[in-house]
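Student: In order, the protein sequence lines correspond to chains A and B.
Residue numbers for the first sequence follow my numbering, so the first one is 1 and each next one is one higher.
Residue numbers for the second sequence follow my numbering, so the first one is 1001 and each next one is one higher.
Worth flagging that the hints you see were computed from the coordinates, not collected in a lab.
It is possible that some hints are incorrect.
Stated by the list, open to error - Calculated Cβ distances over 12 Å to all of chain A for the following chain B residues:
no.: 1; residue: K1069
no.: 2; residue: L1081
no.: 3; residue: A1154
Unchecked claim - With a straight-line cut-off of 27 Å between C-alpha atoms, the simulated DSS-like cross-links for lysine-lysine are:
no.: 4; chain 1: B; residue 1: K1069; chain 2: B; residue 2: K1146
no.: 5; chain 1: B; residue 1: K1069; chain 2: A; residue 2: K259
no.: 6; chain 1: B; residue 1: K1025; chain 2: A; residue 2: K258
no.: 7; chain 1: B; residue 1: K1146; chain 2: A; residue 2: K13
no.: 8; chain 1: B; residue 1: K1146; chain 2: A; residue 2: K259
no.: 9; chain 1: A; residue 1: K40; chain 2: B; residue 2: K1025
no.: 10; chain 1: B; residue 1: K1025; chain 2: A; residue 2: K233
no.: 11; chain 1: A; residue 1: K12; chain 2: B; residue 2: K1069
no.: 12; chain 1: A; residue 1: K13; chain 2: B; residue 2: K1025
no.: 13; chain 1: B; residue 1: K1146; chain 2: A; residue 2: K12
no.: 14; chain 1: A; residue 1: K258; chain 2: A; residue 2: K233
no.: 15; chain 1: B; residue 1: K1069; chain 2: A; residue 2: K233
no.: 16; chain 1: A; residue 1: K233; chain 2: B; residue 2: K1144
We put the CB at the ideal spot given by N, CA and C, even for glycine.
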Amino acid sequence: MKPADNIEETIKKELNFSAGAETHDRILSDVLQAHENSMKTKSASTMPNLGRQIMKSPITKLAAAAAIIIAISVVINPFGGSVSNVAWADIAERFESVPFFNLTIYNSYDTSAEAMKIEIWKSENSRVRAHQGNNVIFADFADGKEDFIAFDRTTKQPIDDGGLFLIKVILNDLCPEGRFSLNTLINSFPSDDNGLTPVQTADTAASRETVVFAVRHKTTPEWILIWALRESKLPMQVRFRDPRSNECSDIFFNYSEKKDAAFFDPNAFAHQ
Amino acid sequence: MIEDEMLKWKFKLGSRDALRRIYEKYLDQLLTLAMALLNDAAAAEDVVHDVFVSFAESAEDFKLAGNLKSYLTTCVFNHSLDRIRANQRRPSRLDGAESISSDSDGPAQAIISSEQAQRLNLAIAQLPDEQRHVVVLHLKGQMKFKDIARLQGASINTIQGRYRYGLDKLRSILNSDPLHPRRFASPNEATGENAGAGVEK
Chain A
1 MKPADNIEET IKKELNFSAG AETHDRILSD VLQAHENSMK TKSASTMPNL GRQIMKSPIT
61 KLAAAAAIII AISVVINPFG GSVSNVAWAD IAERFESVPF FNLTIYNSYD TSAEAMKIEI
121 WKSENSRVRA HQGNNVIFAD FADGKEDFIA FDRTTKQPID DGGLFLIKVI LNDLCPEGRF
181 SLNTLINSFP SDDNGLTPVQ TADTAASRET VVFAVRHKTT PEWILIWALR ESKLPMQVRF
241 RDPRSNECSD IFFNYSEKKD AAFFDPNAFA HQ
Chain B
1001 MIEDEMLKWK FKLGSRDALR RIYEKYLDQL LTLAMALLND AAAAEDVVHD VFVSFAESAE
1061 DFKLAGNLKS YLTTCVFNHS LDRIRANQRR PSRLDGAESI SSDSDGPAQA IISSEQAQRL
1121 NLAIAQLPDE QRHVVVLHLK GQMKFKDIAR LQGASINTIQ GRYRYGLDKL RSILNSDPLH
1181 PRRFASPNEA TGENAGAGVE K
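Based on the provided sequences and hints, a complete structural model is requested.
Tutor: Listed below in structure tokens is the structure:
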């Protein structure tokens, strides 16, 4: 008698339907259109004064959406109270356990101006690739070492990395002693006596799922806000703000984009 | 899991790319679920379309709690039930492949599947509604019995009973299908105990 088949496994594996290309595209078109209409309606009703200029740039759309979340979730006194039951140490520890990640950093001095964008990818074996403008920088933090090499993205020729000060500072802050950590980055900001404190937020759907931490500068009006998911404890966004110059930096965290080894290999890049 | 958390967060922030990724990731799974519940290609396509469009419109109010796949699965299940009730007809169309695709021989099929999938779906369509729902939600929606029990307002024992009876009935249907190349055994038979028992003829 031949082995009997398992009906549960058969249904799991073999009962599959997939959309034809036409169906796929038709539904997707309707879905994206519905989303766009919904966002327009939302924009018109909830943020008439936010500034159309911000929304002109696709790059700044995400930052603008984050600003809305801030407005919704942070109460009038953004540094008052303490309601979070998630400690900063949990967030920092969780971040250090993530095998790979991608950071996108936007830096601007005026909300109407195009933000400077930096992208950083970290591999499972602590290799890093970063993009800033037309520059590509590779770094290897394995074994605690810091090897930087920079290229022109178009010509693929090595360049002097002296002009990539900001990236190097960020990478060095993120990766002290060969270990990626948020603490060094945050601690590089001279805080007031309260240090890093949880922020009381209004009870919204977003705030129930997130925790927010704040740090104020000890001598200037500068501040940092950090958003993290309450359940997974993954940091999602860091915002630095200097009200004096309107300088604003946002760091968005992405944990789903895993790149292959060649992506982090400067030799592979140079010989593409 | 981490990807879904990111997708939910970005979708909440209005990201079009996140919505597109959610669509690409779950379209076929939800389509399969709807097909298994409705056994009607046009109806399944409509249900999945409506679920995704509603989802796209919900960015502002979308609650981040819970599992994204379970949320979408529940939406498809509820929309499918609404459709069945609205049409006041059983979803089982036993007229073969034409129920799968209105254009199955054409170059641009609406919904693509293997012959085996169509045969399994026809068998599932013959189950009583309550058994079909549990079998489909558990095996294709990957929902736990306790979650199905909560969704259907029944006890876990009841849900597990429906599941067991549903599988027995499916074995019976498929084993009596002369075109089916396999023979499904009951759990006892598969483990060598009391061989032959439980396989309905």
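Student: For every hint, state whether the structure bears it out.
Tutor: Outcome of the hint check:
| no. | hint | verdict |
| --- | --- | --- |
| 1 | K1069 | holds, 15 Å |
| 2 | L1081 | holds, 19 Å |
| 3 | A1154 | holds, 21 Å |
| 4 | B:K1069 with B:K1146 | holds, 16 Å |
| 5 | B:K1069 with A:K259 | holds, 25 Å |
| 6 | B:K1025 with A:K258 | holds, 16 Å |
| 7 | B:K1146 with A:K13 | holds, 23 Å |
| 8 | B:K1146 with A:K259 | violated, 38 Å |
| 9 | A:K40 with B:K1025 | holds, 25 Å |
| 10 | B:K1025 with A:K233 | holds, 24 Å |
| 11 | A:K12 with B:K1069 | holds, 16 Å |
| 12 | A:K13 with B:K1025 | holds, 17 Å |
| 13 | B:K1146 with A:K12 | holds, 19 Å |
| 14 | A:K258 with A:K233 | holds, 20 Å |
| 15 | B:K1069 with A:K233 | holds, 20 Å |
| 16 | A:K233 with B:K1144 | holds, 25 Å |
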